[in-house]
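Visitor: Here the protein sequences line up with chains A and B, keeping their order.
Its first residue numbered 2, the first sequence is counted upward by one per residue in my numbering.
Its first residue numbered 2, the second sequence is counted upward by one per residue in my numbering.
Don't take each hint at face value.
For identical chains, the list gives no copy identity; a pair is met inside one copy or between any two copies.
Straight line, CA to CA, 25 Å or less: simulated SDA-like cross-link-like pairs of lysine to any residue [to be verified]:
#1 K144 with S173
#2 K144 with Q341
#3 K144 with E175
#4 K144 with F210
#5 K144 with P235
#6 K144 with P301
#7 K144 with Q234
#8 K144 with P181
#9 K144 with L236
#10 K144 with G180
#11 K144 with A172
#12 K144 with F132
#13 K144 with P266
#14 K144 with S206
#15 K144 with T364
#16 K144 with A230
#17 K357 with F132
#18 K144 with V178
#19 K144 with P177
#20 K144 with N26
Calculated from the structure, these hints are not laboratory results.
2 protein chains.
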Amino acid sequence: MTWVTGADGSPYGVTNLPYGVFRRNGGPSRIGVRIGSWVFDLAAAEAAELVLAAGTLCRPVLNDFMALGRPQWTAVRQRLTELLTDPAHRAAVEPLLVPLADVELLLPIEVADYVDFYSSEHHAANVGQIFRPGQPPLLPNWKHLPIGYHGRAGTVVVSGTPVTRPTGQRASAEGPVTGPSVRLDIEAEVGFVVGVPSALGDRVSVDDFAEHVFGVVLVNDWSARDIQAWEYQPLGPFLGKSFATSVSAWVTPLDALSDAFVPAPDQDPPVVDYLRDVPHLGLDLRLAVEWNGDQVSEPPFATMYWTPAQQLAHLTVNGASLRTGDLYASGTVSGPDRGQVGSFLELSWGGAEPVKVGDESRTFLNDGDTVTITATAPGPDGTTIALGEVSGTVRPAR
Amino acid sequence: MTWVTGADGSPYGVTNLPYGVFRRNGGPSRIGVRIGSWVFDLAAAEAAELVLAAGTLCRPVLNDFMALGRPQWTAVRQRLTELLTDPAHRAAVEPLLVPLADVELLLPIEVADYVDFYSSEHHAANVGQIFRPGQPPLLPNWKHLPIGYHGRAGTVVVSGTPVTRPTGQRASAEGPVTGPSVRLDIEAEVGFVVGVPSALGDRVSVDDFAEHVFGVVLVNDWSARDIQAWEYQPLGPFLGKSFATSVSAWVTPLDALSDAFVPAPDQDPPVVDYLRDVPHLGLDLRLAVEWNGDQVSEPPFATMYWTPAQQLAHLTVNGASLRTGDLYASGTVSGPDRGQVGSFLELSWGGAEPVKVGDESRTFLNDGDTVTITATAPGPDGTTIALGEVSGTVRPAR
Numbered sequence: 002m003t004w005v006t007g008a009d010g011s012p013y014g015v016t017n018l019p020y021g022v023f024r025r026n027g028g029p030s031r032i033g034v035r036i037g038s039w040v041f042d043l044a045a046a047e048a049a050e051l052v053l054a055a056g057t058l059c060r061p062v063l064n065d066f067m068a069l070g071r072p073q074w075t076a077v078r079q080r081l082t083e084l085l086t087d088p089a090h091r092a093a094v095e096p097l098l099v100p101l102a103d104v105e106l107l108l109p110i111e112v113a114d115y116v117d118f119y120s121s122e123h124h125a126a127n128v129g130q131i132f133r134p135g136q137p138p139l140l141p142n143w144k145h146l147p148i149g150y151h152g153r154a155g156t157v158v159v160s161g162t163p164v165t166r167p168t169g170q171r172a173s174a175e176g177p178v179t180g181p182s183v184r185l186d187i188e189a190e191v192g193f194v195v196g197v198p199s200a201l202g203d204r205v206s207v208d209d210f211a212e213h214v215f216g217v218v219l220v221n222d223w224s225a226r227d228i229q230a231w232e233y234q235p236l237g238p239f240l241g242k243s244f245a246t247s248v249s250a251w252v253t254p255l256d257a258l259s260d261a262f263v264p265a266p267d268q269d270p271p272v273v274d275y276l277r278d279v280p281h282l283g284l285d286l287r288l289a290v291e292w293n294g295d296q297v298s299e300p301p302f303a304t305m306y307w308t309p310a311q312q313l314a315h316l317t318v319n320g321a322s323l324r325t326g327d328l329y330a331s332g333t334v335s336g337p338d339r340g341q342v343g344s345f346l347e348l349s350w351g352g353a354e355p356v357k358v359g360d361e362s363r364t365f366l367n368d369g370d371t372v373t374i375t376a377t378a379p380g381p382d383g384t385t386i387a388l389g390e391v392s393g394t395v396r397p398a399r
Numbered sequence: 002m003t004w005v006t007g008a009d010g011s012p013y014g015v016t017n018l019p020y021g022v023f024r025r026n027g028g029p030s031r032i033g034v035r036i037g038s039w040v041f042d043l044a045a046a047e048a049a050e051l052v053l054a055a056g057t058l059c060r061p062v063l064n065d066f067m068a069l070g071r072p073q074w075t076a077v078r079q080r081l082t083e084l085l086t087d088p089a090h091r092a093a094v095e096p097l098l099v100p101l102a103d104v105e106l107l108l109p110i111e112v113a114d115y116v117d118f119y120s121s122e123h124h125a126a127n128v129g130q131i132f133r134p135g136q137p138p139l140l141p142n143w144k145h146l147p148i149g150y151h152g153r154a155g156t157v158v159v160s161g162t163p164v165t166r167p168t169g170q171r172a173s174a175e176g177p178v179t180g181p182s183v184r185l186d187i188e189a190e191v192g193f194v195v196g197v198p199s200a201l202g203d204r205v206s207v208d209d210f211a212e213h214v215f216g217v218v219l220v221n222d223w224s225a226r227d228i229q230a231w232e233y234q235p236l237g238p239f240l241g242k243s244f245a246t247s248v249s250a251w252v253t254p255l256d257a258l259s260d261a262f263v264p265a266p267d268q269d270p271p272v273v274d275y276l277r278d279v280p281h282l283g284l285d286l287r288l289a290v291e292w293n294g295d296q297v298s299e300p301p302f303a304t305m306y307w308t309p310a311q312q313l314a315h316l317t318v319n320g321a322s323l324r325t326g327d328l329y330a331s332g333t334v335s336g337p338d339r340g341q342v343g344s345f346l347e348l349s350w351g352g353a354e355p356v357k358v359g360d361e362s363r364t365f366l367n368d369g370d371t372v373t374i375t376a377t378a379p380g381p382d383g384t385t386i387a388l389g390e391v392s393g394t395v396r397p398a399r
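When you get a sec, could you build the whole thing from the sequences and use the hints?
Guide: Have a look at this one:
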């Protein structure tokens with residue numbers, strides 16, 4: 002129970018408390034935590050010594066706070082809970098609550114490296130069937146390691162940022178042509194944000210996931226399928242992805258997701274030692290994809306084959322170091338049914354089966370289209386928490 | 002002619018003047034410029050108002066200086082030349098020269114995004130013949146666009162940093178096994194460092210290369226071929242590369258390379274509009290690869306099919322923004338002859354033809370091996386300039 006007006010019963014109640022960065026009237030960037038339809042100004046709270054985090058809450062992004070580590074993350078969360086539930090603090094805290102409607106939300110982290118995995122079996126199999134019909138849907142390595150690649154950290158943008166349709170080369174019967182992408186797509190994903198770094202040469206064990214990972218964002222990994230198809234052999238996706246990757250403004254701390262961990266799908270064949278996570282847990286995040294306001298899909302994150310702990314262990318098994326602000330995304334989240342897929346490539350089955358969006362028919366994205374991805378999860382104490390949203394509108398190519 | 006003792010006639014004479022970051026006795030990081038076997042302490046020089054660059058020479062990395070742009074880069078270089086050639090300045094400048102032997106060289110830039118291209122036709126064809134014998138050596142897209150992918154910026158390390166042999170999965174007849182890489186390789190490359198950023202959604206034209214690119218580093222893109230071979234389908238190299246990428250400590254400014262631009266190889270078929278660079282110029286950089294002190298190869302950068310201006314235009318044709326500190330590397334530099342290849346995969350033809358290194362026979366790297374890549378180029382006024390070195394010694398897997 003919180004004393005904050007309207008917050009109890011909301012999916013942004015006191016069991017959620019996601020972190021973000023906001024500003025008012027073009028002022029400086031400030032760290033805040035969301036409660037109901039308010040943002041609690043943590044820069045002001047730390048300045049007033051209502052909460053202490055070594056000054057890191059007065060910075061313009063979450064990175065320094067995230068670098069403090071789990072004991073401090075937990076202590077700050079406990080203190081925030083106390084401030085927002087004990088009516089004794091109301092007089093001090095209430096003036097620091099800013100209406101959400103009055104703020105602009107900014108990119109909450111400075112992204113160090115961005116890695117994108119490919120960890121949904123249903124998605125990988127769908128893509129295999131669409132592009133390699135008649136062949137085994139999964140490549141031989143897929144069940145032995147979480148396939149991933151590096152994306153462009155500098156073009157990670159916050160929800161709400163317009164996405165300009167990319168230009169590039171695509172194959173045609175007459176040879177390559179250059180022009181605006183004609184197969185612009187989304188990928189609904191979940192991203193994990195690293196707080197605590199690791200040293201070059203060290204490996205992070207599956208057991209140390211929660212020591213390094215601060216929290217979760219929603220991700221839309223915009224994808225130009227025609228550019229990607231022409232460029233990706235042999236070194237993988239490049240310009241088909243690097244024009245924009247959108248993330249939610251709110252970073253949900255792992256502490257808010259303690260009731261969302263559920264057994265992940267069995268893995269057969271058995272995985273090699275460094276990927277063996279006991280318990281083998283995924284997250285029961287229920288995504289929803291809206292296309293121009295119509296809900297077109299409900300991707301279930303709990304169906305992901307590879308867990309975030311396995312992804313982190315894989316990412317570092319070669320001794321690659323982690324930095325604060327590293328972001329790794331799950332890959333497109335697709336469940337077994339057509340109504341559960343996380344890309345329009347799958348929803349329209351490679352463009353062959355248009356879908357109804359409002360009164361129109363669609364395969365890939367038109368200029369002016371808006372896609373919004375949201376998610377909910379079981380929260381502490383029987384609550385349901387929301388993970389913000391990642392939204393973007395397509396602008397015409399320049 | 003410089004008044005600096007021993008610098009005239011050296012490949013680090015006054016026509017070179019590469020930038021770096023150094024420290025003495027574990028002290029703070031300082032920007033310096035190399036002249037002969039000295040480092041001119043530019044932090045001290047700017048503090049003494051001998052040279053002015055908006056305070057950016059007092060920072061711990063080159064990024065803020067690189068963000069100033071070409072007019073300021075040129076003005077600072079002209080001023081440094083004046084200080085180091087006019088004997089009237091000797092009394093003021095000489096106390097700021099530090100013997101190179103007394104300093105530790107550090108990573109000169111904070112790397113934003115790291116992109117690696119694949120732009121040597123000889124290298125791509127060699128790799129094709131080794132891995133796909135009997136098939137066309139180049140994939141259909143190769144001559145239409147400069148193939149590239151994103152690497153891990155957080156594991157870019159400065160020359161001299163030991164490289165720990167990575168552990169990972171590789172394929173075997175009995176299925177995947179995990180262990181230290183048994184095919185650890187190098188890739189001799191040239192890297193281009195972006196100074197001036199671009200806005201999201203904008204494209205950088207081939208004509209604007211010199212407005213954005215500050216200078217050049219040598220790169221060793223260490224590669225675990227066995228890890229790479231198992232993981233790279235379908236999303237490209239990941240852990241086979243991400244454990245370490247070494248760069249030279251010295252960033253050679255483009256202004257020092259004005260006499261090194263030479264016509265690049267003809268491109269057939271003709272390239273699409275946004276890749277058409279007139280004049281089509283590469284750089285006459287002559288690399289040398291030493292393996293435990295034995296020179297084993299002399300890769301000629303002038304043979305690269307795609308030019309750095311084309312790479313930059315391609316990188317941004319989809320609207321991807323540039324940040325100060327972005328680093329893009331050429332891909333392995335290989336000439337037409339076996340003695341000109343930039344990887345040991347090629348030198349040993351896939352491991353089938355061991356090479357003599359000292360008194361020993363080698364295919365890939367053993368623990369304790371040291372690889373050093375150097376380069377020279379025609380400098381201004383008939384001089385020859387050196388581009389520093391990128392060196393690393395292999396440590397056993399942990």
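Visitor: So, against the hints stated earlier in the document, which numbers end up violated here?
Guide: Hints 15, 20 contradicted; others consistent.
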